[in-house]
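All chains, full assembly: derive it from the sequences and hints.
Numbering (the working numbering), first residue to last: -1 to 239.
Treat each hint with caution, since some may be false.
[Stated by the list, open to error] Here are the computed distance ranges between Cβ atoms for each label pair:
(1) 92 x 155: 35 to 41 Å
(2) 44 x 23: 22 to 28 Å
(3) 154 x 94: 32 to 38 Å
(4) 223 x 136: 40 to 46 Å
(5) 100 x 68: 36 to 42 Å
Source of the hints: derived by calculation from the structure; they are not laboratory data.
Beta carbons: idealized from backbone N, C-alpha and C, even for Gly.
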Amino acid sequence: MPLIFTLFWWVIVYPSPSQTLPDLTYYNVSWQEFEQLPAVNKPISLLKPDYNLLDAAIYQATNKVRAAENKPPLKYGALLHRTAVFHAQAMIDLDFYDHYNYRQTSYLSPDKRITAFGGVFHYTAENIAQYDIINTDLEYCPARQKNNTFVYLHCNTQKPYAAYTYLAYAEAVVTGWLHSPAHRKSLLSTNYQYIGCAARLSKNPYQQKKVPFARLVQNFGGYGSPADSTADISLSSKIKL
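Structure, rendered in structure tokens:
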């Protein structure tokens, strides 16, 4: 089940160290073209996920939603992507779920992270989420195998649940954000022109009764005079859908 959480703030940030960029193939196509790629309809491999594809799927699903709401598409922001990857991975590695990283104070807050990765924006915002990778019902039955791994079964039929495809997972997460008022503001705001998205999977999939999940981050950046009220400082509570 998803948990989602959002933060908005005004910030001006400064340059910092670079990171290796991903393959940009998935960002150089429209969301319509992206949906036609065979890879996007494959189940997410929990043991060897294609993070380049998964991050791009979230980006493309975001622009699909914006198109449906008659908003201009967001451009891929390399430094925002780096920031999102860093925080998504930190939340997994350090086992926390928050906008604030108290274990690494140089990257404590969203504005500090964007600063560290070279951002210079008038406006920024961050959405985070936690969402199961396997598409179970609310109630499911974990079953331990002989090799001590788990499968996740429908309690009545005993049939195993399947992992989301890359495209279906991205659309499910973005839909969750869209139906939360605070997250909807950042998704649809015209204050932002750039975005970076990332998802990183929980440790040791199939080793626990709990369904494997990912922690996800969207970082937004924009320039110019505010077009709407999303530049106001506001912090939501955690939301469970």
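Hint by hint, here is what the structure shows:
1. About 38 Å separates the C-beta atoms of residue 92 and residue 155, a value consistent with the hinted range of 35 to 41 Å.
2. Distance hint check: the CB atoms of residue 44 and residue 23 are about 23 Å apart, consistent with the given range 22 to 28 Å.
3. As the Cβ distance of residue 154 to residue 94 is approximately 36 Å, the hint placing it in 32 to 38 Å holds.
4. At roughly 45 Å, the beta carbons of residue 223 and residue 136 sit within the given window of 40 to 46 Å.
5. The supplied range of 36 to 42 Å is met by residue 100 and residue 68, whose beta-carbon atoms lie about 40 Å from each other.
Hint compliance for this structure: no hint is broken.
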